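Undergrad: I would like the entire structure built from these sequences, with the hints used as guidance.
So the sequences go chain by chain: X and R. Residues in the first sequence are numbered from 1 upward in steps of one, following this note's numbering. Residues in the second sequence are numbered from 1 upward in steps of one, following this note's numbering.
It is possible that some hints are incorrect.
The list treats identical chains as one, so a pair stands whether inside a single copy or across any two.
[As the list claims (entries may be wrong)] Below, simulated SDA-like cross-link-like pairs (lysine to any residue); rule was C-alpha separation at most 25 angstroms, straight line: (1) Lys208 / Ile62; (2) Lys208 / Met1; (3) Lys208 / Ser197; (4) Lys139 / Thr47; (5) Lys208 / Arg37; (6) Lys85 / Pro109; (7) Lys139 / Gln3; (8) Lys85 / Phe118; (9) Lys208 / Phe116; (10) Lys85 / Glu161; (11) Lys208 / Thr47; (12) Lys208 / Leu195; (13) Lys85 / Lys139; (14) Lys208 / Ser23; (15) Lys139 / Asp183; (16) Lys208 / Met79; (17) Lys139 / Val193; (18) Lys208 / Pro104; (19) Lys208 / His26; (20) Lys208 / Gly173; (21) Lys208 / Arg108; (22) Lys208 / Arg34.
Calculated from the structure, these hints are not laboratory results. These numbers were taken from a predicted model, which means no experiment stands behind them.
So the chains spell out like this:
Number of protein chains: 2
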Amino acid sequence: MPQVIADISVSLDGFVAGPEDSSGRHPLGIGGERLHRWLFELATWRTRAGRGGGERGAGADIMGEYFTRTGAAVIGRRMFDHGEKAWGGEPPFRVPVFVVTHRPLPPRPMPGGTHFEFVTGGVAEAARRATAAAAARGKDVAVMGGGQVITAALAAGVLDELRLHIVPVLLGGGRPLFAEPLDPAITLETTRVELSSGVTHLFHRVPKQEGRHRCSPTR
Amino acid sequence: MPQVIADISVSLDGFVAGPEDSSGRHPLGIGGERLHRWLFELATWRTRAGRGGGERGAGADIMGEYFTRTGAAVIGRRMFDHGEKAWGGEPPFRVPVFVVTHRPLPPRPMPGGTHFEFVTGGVAEAARRATAAAAARGKDVAVMGGGQVITAALAAGVLDELRLHIVPVLLGGGRPLFAEPLDPAITLETTRVELSSGVTHLFHRVPKQEGRHRCSPTR
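TA: Written out as structure tokens, the structure is:
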């Protein structure tokens with residue numbers, strides 16, 4: 001059974017994008033690129049991008065394993081809209097990507113193996129379809145973000161694991177890690193931490209629980 | 001020269017107290033006690049409280065060393081007001097404690113070595129006086145919280161180190177770790193991480209920088 005694993009980089013002050021990320025001028029928000037620099041400097045990222053060199057160590061190993069085990073991805077429409085131009089004609093996913101959206105588009109197969117599908121039934125439906133696609137390849141599902149999709153996945157009880165990559169920068173504002181208040185009844189267990197190239201990789205299991213978790217006003 | 005070190009427990013959703021912590025009924029906010037349970041279960045805490053047993057490991061060692069090296073403390077008035085009753089006649093600090101406040105009280109020496117002093121000149125003055133007191137004992141200064149005092153200390157450039165104890169619980173709301181937006185020019189460096197008894201201890205150096213850091217609208 002594929003595992004559904006979310007990964008996201010977060011600043012020390014708890015933001016996954018900097019201020020003004022809706023302006024169009026700063027897709028990651030002001031300073032938001034500081035959250036992702038560590039990734040592009042990893043040897044395993046550079047190898048995948050056809051370049052040499054880069055940082056080795058626990059972070060590189062973690063992300064190398066991430067690329068290998070990912071058989072399908074779930075992303076939000078915001079990430080799709082902002083990424084489309086940056087990814088170019090051959091997006092780096094190389095697997096089926098299920099885009100959670102209220103504004104569906106026709107399926108979009110791309111050179112290199114990426115195949116975008118637009119899902120209007122919410123993150124649970126996207127995770128279900130991604131799980132089927134990943135199972136066919138004997139791999140796992142990567143919930144790649146942004147924060148809104150990861151929050152919804154956690155709230156809907158579809159995540160098996162949440163991996164935070166804590167970057168010791170301050171953004172001073174922006175998009176918080178969790179886009180909505182989460183139910184305190186959701187339990188998580190920290191299973192592994194690694195400090196590598198200045199970034200803390202913090203892994204959590206999300207034990208499967210009965211029903212769904214939407215924050216309710218019952219307490 | 002004493003080091004000025006802040007320690008605070010924070011939930012995975014970034015809160016240092018739960019919702020409704022101003023109501024008087026829940027000094028730590030609803031669910032906020034879940035942030036501190038790990039501490040009371042440590043062998044080194046229990047020993048200090050005159051009890052036996054408890055958890056051993058990196059967390060116990062970190063906090064044992066904390067008790068040993070603390071020669072003076074800085075806390076906020078909120079923590080003082082809420083703690084006063086809980087601490088009883090012999091507060092657990094056993095060192096000079098400088099309380100940052102706009103509403104000063106006369107100095108209050110207590111049995112057991114705790115001596116409260118009320119400082120109206122802000123966190124920088126409190127840190128300065130605590131540093132002098134700690135230096136006289138060859139020890140360090142502990143900035144104990146709450147979040148507002150720690151945020152102000154970071155903004156004022158008086159912290160040498162920030163230690164976060166990340167507890168994998170969700171509070172769903174409450175007081176965020178940083179009480180005000182911080183200047184993205186403040187740099188931090190993650191120096192150590194330890195996972196112990198389910199809690200991640202995340203240490204950061206705060207290199208001394210020119211001038212003070214208050215978030216300004218210049219960017």
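Undergrad: Please go over all the hints and tell whether each is borne out by the structure.
TA: Each hint tested on the structure:
With identical chains, the CA atoms of Lys208 and Ile62 are at most 25 angstroms apart within one copy only, with a shortest distance of 24 angstroms there and 32 angstroms across copies. Proximity of Lys208 to Met1 under the C-alpha cut-off of 25 angstroms is restricted to the intra-copy arrangement: shortest distance 14 angstroms within a copy versus 50 angstroms between copies. For the identical chains of this complex, Lys208 and Ser197 are inter-copy neighbours only, at 21 angstroms across copies versus 32 angstroms inside a copy, given an alpha-carbon limit of 25 angstroms. For the identical chains of this complex, Lys139 and Thr47 are intra-copy neighbours only, at 21 angstroms inside a copy versus 48 angstroms across copies, given an alpha-carbon limit of 25 angstroms.
Only between protomers do Lys208 and Arg37 lie at most 25 angstroms apart by alpha-carbon distance; the minimum there is 24 angstroms, versus 33 angstroms within a single protomer. For the homomeric pair Lys85 and Pro109, the shortest alpha-carbon distance inside one copy (16 angstroms) is at most 25 angstroms, but the shortest distance between copies (65 angstroms) is not. In this assembly of identical chains, Lys139 and Gln3 lie within 25 angstroms of each other by CA distance solely inside one copy; the values are 8 angstroms within and 48 angstroms between copies. Taking CA atoms no more than 25 angstroms apart as the test, Lys85 paired with Phe118 passes inside one copy only; the shortest distance there is 17 angstroms, against 57 angstroms between copies.
Taking identical chains as interchangeable, the C-alpha atoms of Lys208 and Phe116 are never at most 25 angstroms apart, the minima being 28 angstroms within one chain and 48 angstroms between chains. For the homomeric pair Lys85 and Glu161, neither the shortest alpha-carbon distance inside one copy (30 angstroms) nor that between copies (41 angstroms) is at most 25 angstroms. For a Cα distance limit of 25 angstroms, the shortest separation of Lys208 from Thr47 qualifies neither inside one copy, at 35 angstroms, nor across copies, at 37 angstroms. Taking the shortest Cα distances, Lys208 and Leu195 sit within 25 angstroms of each other only across copies (22 angstroms), while inside one copy they are farther apart (28 angstroms).
Neither within a single protomer nor between protomers do Lys85 and Lys139 lie at most 25 angstroms apart by alpha-carbon distance, with minima of 28 angstroms and 55 angstroms respectively. For the identical chains of this complex, Lys208 and Ser23 are neighbours neither inside a copy (38 angstroms) nor across copies (34 angstroms), given an alpha-carbon limit of 25 angstroms. When the C-alpha separation of Lys139 and Asp183 is checked against a cutoff of 25 angstroms, the pair qualifies neither within a copy, at 30 angstroms, nor between copies, at 42 angstroms. Taking CA atoms no more than 25 angstroms apart as the test, Lys208 paired with Met79 passes in neither setting, with 27 angstroms inside one copy and 37 angstroms between copies.
Proximity of Lys139 and Val193 under a CA criterion of 25 angstroms is satisfied intra-copy only: 23 angstroms inside one chain copy versus 30 angstroms between copies. In this assembly of identical chains, the alpha carbons of Lys208 and Pro104 never lie at most 25 angstroms apart, being 30 angstroms within a copy and 51 angstroms across copies at closest. For a Cα distance limit of 25 angstroms, the shortest separation of Lys208 from His26 qualifies neither inside one copy, at 37 angstroms, nor across copies, at 30 angstroms. With identical chains, the CA atoms of Lys208 and Gly173 are at most 25 angstroms apart between copies only, with a shortest distance of 23 angstroms across copies and 33 angstroms within one.
Taking the shortest alpha-carbon separations for Lys208 and Arg108, neither the intra-copy value of 33 angstroms nor the inter-copy value of 51 angstroms comes in at or below 25 angstroms. Taking CA atoms no more than 25 angstroms apart as the test, Lys208 paired with Arg34 passes between copies only; the shortest distance there is 21 angstroms, against 33 angstroms inside one copy.
In the structure shown, a violation is registered for the earlier hints numbered 9, 10, 11, 13, 14, 15, 16, 18, 19, 21, in ascending order.
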